[in-house]
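Kindly produce the complete structure, drawing on both the sequences and the hints.
Which chain is which? The protein sequence lines are A and B, in order.
Following the working numbering, the numbering of the first sequence begins with 40 at its first residue and continues without gaps.
Following the working numbering, the numbering of the second sequence begins with 1250 at its first residue and continues without gaps.
What the hints contain is simulated information worked out from the structure, not anything from laboratory work.
Among the hints, erroneous ones may be present.
[Claimed, not checked] Chain B side only, calculated, beta carbon under 10 Å to chain A, not exhaustive: (1) Tyr1286; (2) Leu1289; (3) Leu1296; (4) Asp1335; (5) Gly1339; (6) Tyr1349.
Don't be surprised by glycine CBs; every beta carbon is placed ideally from N, CA and C.
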Amino acid sequence: QLQLQESGPGLVKPSETLSLTCTVSGGSISSSSYYWGWIRQPPGKGLEWIGSIYYSGSTYYNPSLKSRVTISVDTSKNQFSLKLSSVTAADTAVYYCARHSTDMTTVTTIDYWGQGTLVTVSS
Amino acid sequence: QSVLTQPPSVSAAPGQKVTISCSGSSSNIGNNYVSWYQQLPGTAPKLLIYDNNKRPSGIPDRFSGSKSGTSATLGITGLQTGDEADYYCGTWDSSLSARYVFGTGTKVTVL
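This is how it looks when you write it as structure tokens:
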């Protein structure tokens, strides 16, 4: 059974960079039909897609966050990572990593999700 | 704000049926597959429906999905107390700002 697990600091200071890693187990991140990505959910609010990456390094980013986001992949460790720079209190959210099914031009669905990790931006 | 619009809440008694609408446009629902996600309180979202109307293994047939034009609908029959959750639609948006988009979310309450 595929499992995804987020890890990283739960508290980040304003203006600093949020960094999270997702470890994939029970399957290979180098599978040809999937992107791997991040979604966030501010407390009490809805879901916001951040972006995703293919094992080759090809990426899609949400245009509203693109200037601050970097998603990278480490196939040797079966991990992918998120960096969000210049954070503010508005970036406080539960961050989920997830597997994205793709037809190679669009994301068709998000089928496996990690349990999520709360990141609070505060001094 | 989200480009996919859902009603904030729906409710019904146990055993009854509810439907949740998801309204979009030609750049998203109109030309791409729709998925539905269930988020039970305090948990991660879970895939309920993909490719407009397909259920992953383990999802009961009480849950169904459909799409017509630029709108999609999730149906839940035989409502159970365990179905109380937030439900989100999702799809790819192929506009100049290409990205995956989620609906505004709908809270289902079992009376």
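Do the hints match the structure? See the list:
1. Tyr1286: holds (7 Å)
2. Leu1289: Nearest chain A Cβ about 12 Å off; hint violated.
3. Leu1296: holds (5 Å)
4. Asp1335: holds (8 Å)
5. Gly1339: holds (7 Å)
6. Tyr1349: Since the shortest Cβ distance to chain A is 4 Å, the answer is holds.
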